[in-house]
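Number of protein chains: 2
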Amino acid sequence: MPGSASDAEDFLSSSWMERRRVGYDYTNSLAAMVGEKHGVPYEELERFAKDNQHILEEFHKREEKGEIGFTQLPSTVEYREEVSRFLLKAKGKFDYLVVLGIGGSALGLVALQEALKPEATSPSTPPAGGVFPALYVVDNVDPSLVSSVLNRIDLNRTLINVISKSGATLETLANFLVFRSALIEAVGYQKHSRHIVVTTTLGEGYLFELAQKEGYQLFGIPLNVGGRFSVFSPVGLLPAGLIGIDLMELLAGAQYMKELCHSRPSMKNISFLSAVIQYLLDIRKGKGIQVFFAYSSLLRGLARWYQQLWAESLGKRLNRNGEEVFCGQTPLVSIGTTDQHSLLQLFGEGPNNKSITFLEVSHLPDQLAIEEEPSPHEMTDYLKGKSLQEVLLAERRATELSLTSNARPNTTFILPEISPFTLGELIYLFELQTAYAGELYQINPYDQPGVEEGKRTAYALLGRRGYGEKQKEIEKKMPPKRHII
Amino acid sequence: MPGSASDAEDFLSSSWMERRRVGYDYTNSLAAMVGEKHGVPYEELERFAKDNQHILEEFHKREEKGEIGFTQLPSTVEYREEVSRFLLKAKGKFDYLVVLGIGGSALGLVALQEALKPEATSPSTPPAGGVFPALYVVDNVDPSLVSSVLNRIDLNRTLINVISKSGATLETLANFLVFRSALIEAVGYQKHSRHIVVTTTLGEGYLFELAQKEGYQLFGIPLNVGGRFSVFSPVGLLPAGLIGIDLMELLAGAQYMKELCHSRPSMKNISFLSAVIQYLLDIRKGKGIQVFFAYSSLLRGLARWYQQLWAESLGKRLNRNGEEVFCGQTPLVSIGTTDQHSLLQLFGEGPNNKSITFLEVSHLPDQLAIEEEPSPHEMTDYLKGKSLQEVLLAERRATELSLTSNARPNTTFILPEISPFTLGELIYLFELQTAYAGELYQINPYDQPGVEEGKRTAYALLGRRGYGEKQKEIEKKMPPKRHII
Chain Y
629 MPGSASDAED
639 FLSSSWMERR
649 RVGYDYTNSL
659 AAMVGEKHGV
669 PYEELERFAK
679 DNQHILEEFH
689 KREEKGEIGF
699 TQLPSTVEYR
709 EEVSRFLLKA
719 KGKFDYLVVL
729 GIGGSALGLV
739 ALQEALKPEA
749 TSPSTPPAGG
759 VFPALYVVDN
769 VDPSLVSSVL
779 NRIDLNRTLI
789 NVISKSGATL
799 ETLANFLVFR
809 SALIEAVGYQ
819 KHSRHIVVTT
829 TLGEGYLFEL
839 AQKEGYQLFG
849 IPLNVGGRFS
859 VFSPVGLLPA
869 GLIGIDLMEL
879 LAGAQYMKEL
889 CHSRPSMKNI
899 SFLSAVIQYL
909 LDIRKGKGIQ
919 VFFAYSSLLR
929 GLARWYQQLW
939 AESLGKRLNR
949 NGEEVFCGQT
959 PLVSIGTTDQ
969 HSLLQLFGEG
979 PNNKSITFLE
989 VSHLPDQLAI
999 EEEPSPHEMT
1009 DYLKGKSLQE
1019 VLLAERRATE
1029 LSLTSNARPN
1039 TTFILPEISP
1049 FTLGELIYLF
1059 ELQTAYAGEL
1069 YQINPYDQPG
1079 VEEGKRTAYA
1089 LLGRRGYGEK
1099 QKEIEKKMPP
1109 KRHII
Chain H
629 MPGSASDAED
639 FLSSSWMERR
649 RVGYDYTNSL
659 AAMVGEKHGV
669 PYEELERFAK
679 DNQHILEEFH
689 KREEKGEIGF
699 TQLPSTVEYR
709 EEVSRFLLKA
719 KGKFDYLVVL
729 GIGGSALGLV
739 ALQEALKPEA
749 TSPSTPPAGG
759 VFPALYVVDN
769 VDPSLVSSVL
779 NRIDLNRTLI
789 NVISKSGATL
799 ETLANFLVFR
809 SALIEAVGYQ
819 KHSRHIVVTT
829 TLGEGYLFEL
839 AQKEGYQLFG
849 IPLNVGGRFS
859 VFSPVGLLPA
869 GLIGIDLMEL
879 LAGAQYMKEL
889 CHSRPSMKNI
899 SFLSAVIQYL
909 LDIRKGKGIQ
919 VFFAYSSLLR
929 GLARWYQQLW
939 AESLGKRLNR
949 NGEEVFCGQT
959 PLVSIGTTDQ
969 HSLLQLFGEG
979 PNNKSITFLE
989 VSHLPDQLAI
999 EEEPSPHEMT
1009 DYLKGKSLQE
1019 VLLAERRATE
1029 LSLTSNARPN
1039 TTFILPEISP
1049 FTLGELIYLF
1059 ELQTAYAGEL
1069 YQINPYDQPG
1079 VEEGKRTAYA
1089 LLGRRGYGEK
1099 QKEIEKKMPP
1109 KRHII
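Here the protein sequences line up with chains Y and H, keeping their order. Reminder that position 31 of the first sequence reads as 659 in this note's numbering, one-by-one numbering, no gaps. Reminder that position 448 of the second sequence reads as 1076 in this note's numbering, one-by-one numbering, no gaps.
Hints were generated in silico from the structure; no laboratory data involved. Keep in mind that the hints are not guaranteed to be accurate.
Copies of the same chain are indistinguishable here, so a pair counts whether it falls within one copy or spans any two.
[Said to hold, decoys possible] In silico DSBU-like links for lysine-lysine, alpha-carbon gap of 30 Å or less: (1) K689 x K1012; (2) K665 x K913; (3) K1014 x K1083; (4) K896 x K1098; (5) K1083 x K1098; (6) K896 x K665; (7) K819 x K1109.
Start from the sequences, fold in the hints, and give me the full structure.
Structure (structure tokens):
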């Protein structure tokens, strides 16, 4: 296994800067550990990575030409500056931040907030009182959710950030109309525009037009960046900055990962190699499910963000030589140790159709130690003096060992710590991994044609003008009899 | 299709009591709607249900004999009374309730709390000030989670409910030792026992012994009820009652569903028929993933509870005629409309390996209407006068129609409202469905042998006495080289 031992040594004996770097341990995805039926032989992996080195080179050429939108974001100074100016202006003015957005307009922010500012969604005193506003993300057109938020905030001290790339997302518009009415009732029409910020495609769409008419502050999303790749645009930066996340560190982490992946050959490029491994496990070993198993309660948001990224980018229908092909791994969110008591039984003894991706955090803040045992007992004496962090790490390692011995292929991303820098790295790493995976599957990872049909059907059901034909089509497809018990 | 039209009519023209009943629409799981490749022919379903009627009869006989633990819980007066007495005693004494539990000791409570008392986890003024304490569920041995809870509560006004059936769950014990030390520091050793309630198997285990020694209040879990089937025991009832959930209504709903399922033949028994449909979709149509697609943000906890129930009960390794067989559908949590912008692309155009289970709520509280549009526009004029509830229902229906036209089999549970009664129905319905499914797969749905290996490995890694052999075994299995980049 040429190079492998020194790879590991390189990583483990790395410099200070390197120690902030996310690592990737793919040992247990190899046939040597889980057998040829479920794992990839190292030689096959190396050959495949080498044979597909051209994907990497072509992608980086397109990237350098500026053809790929999301890769430009970490170094786009303009967004950072524009957001910083607004942060200065808004400082201290708001106790509540309400974000109206769904899918790619919400999940990136939630990932950052849960990992870096977990206290932002449940302020210990309302109004937050602190420097930063409390955050409410309204990501569903659910009356219970909307009214619970309306009941908790003082609209006089609230900033509403409505986010929709198209400016026409049905759920976001519906919620916006409700919040806007409530806002006008609370602060009056004259002042209401100071409480609204719109993030959308500049120059087009309903929200853009309305913002121009009403004088709402506007932030742009580049046309060539899709919602799920937009964390490092104002979509993520503005609300993340408002709740106090260090944007410079976040972007520095992303830029660092970009340069790292750009400068490395296929077998050392963490985004590319992890994409290749998932691709091979899916296509050649039948691992149609990827479990994203993050070992910290703080990383549930990140796991959900990744779930969207991987699912929506790669879940595609294709026509290949006249035949319909359906592709895409199904990503499943799992949190350790919590889901060891919920899903691990299935992962270890159910169908061997899963690739497990662990996310391990080497150092968690808040070292809490188990100081004493109430009465000496073999159930607890080995815990005395241990920190919760040690217990958590041992449990993750035990889960990895147990899945490996059951021939379940798994890999581990090693996060040195949870910080804006490492979150920046990780988010960029996964965006790039997904983009590379699109090339491997030979699909377009940036569109989502499959949700259009549902949207048109919803318009028809809600009686939108111009959807009469669709209505008739729906009626024709109705079952002659419904089976309900 | 004999009987089917009148089934639907029965349901739709039902009485007041019946109108609180959960319904099940399985039209779109049938071959008539999604084709024979992906759907079950009605005749095949009917034949299979009839041929397996004996499962139902045998199960109900065992149930009547008291052999099946969980089915006894809704009518066990003893637990209800014991819990009620404690609720009276504890009333007004605590501002915070901390539940230490994991898996089946936490998920049922979270399901109830998120659906019925969403405000309980983010009190608008701390101390809650209201009649009921604020709830913190610590379901991970994560130092960030534990310290964030410790930072938010006043231990002088806190009740800690530690829940573990075995009395020996590693994560729960570790967290308990940390909280206990903090509690003793805050209130003194003399008084600390008034702040701790233990729910565990009476008569055995570490927690039982400790509770006896220290004088902690004890609640029992019957030996023949597993954690994931224990919502209607003190595991769920005690903390749910403390935060103000109506236990009588909850249990009445469960009992109602029990009697309904008990009295009906296979094709009208909602738990049995839904189990049969999932089983046939899995085994005969290759739907190895079941998406639990709940249309309300309030039902995420319920979806996660169901995910554990289905995964841990049915994900089993078997030896059949000398051959290893792995069974179990992989359950995936999805929330509508949120995940239409995250997972729907994959559900509709990715691999056709999923059965979609919708959960629709006919009436959500908090009717919010869209009162006006800022400027008349075709993007918004059809929304004017609509309630958010109408938009939500139209979106669910549109998703159903679009998945059906893509030949993706789906079924819908219809929840008349979100209330303690209907949650009681639903939880019992799914427990029974899972138990029936165990009979269909011919596996034991009540054990979880696959997590034992991981537990022993964790003990060995943490240096517990008596695990020296295991440690050596682990060392032997270590890869000669790790592959880390």
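Hint-by-hint comparison with the structure:
1. K689 x K1012: This pair counts as neither: shortest intra-copy Cα distance 56 Å, inter-copy 49 Å.
2. K665 x K913: Close inside one copy (7 Å) and across copies (24 Å); limit 30 Å.
3. K1014 x K1083: between (53 Å within a copy, 17 Å between copies)
4. K896 x K1098: neither (51 Å within a copy, 34 Å between copies)
5. K1083 x K1098: within (11 Å within a copy, 55 Å between copies)
6. K896 x K665: Within one copy only: 25 Å inside a chain, 43 Å across chains, cut-off 30 Å.
7. K819 x K1109: neither (54 Å within a copy, 65 Å between copies)
In terms of the numbered hints stated before, the structure departs from hints 1, 4 and 7, listed from lowest to highest.
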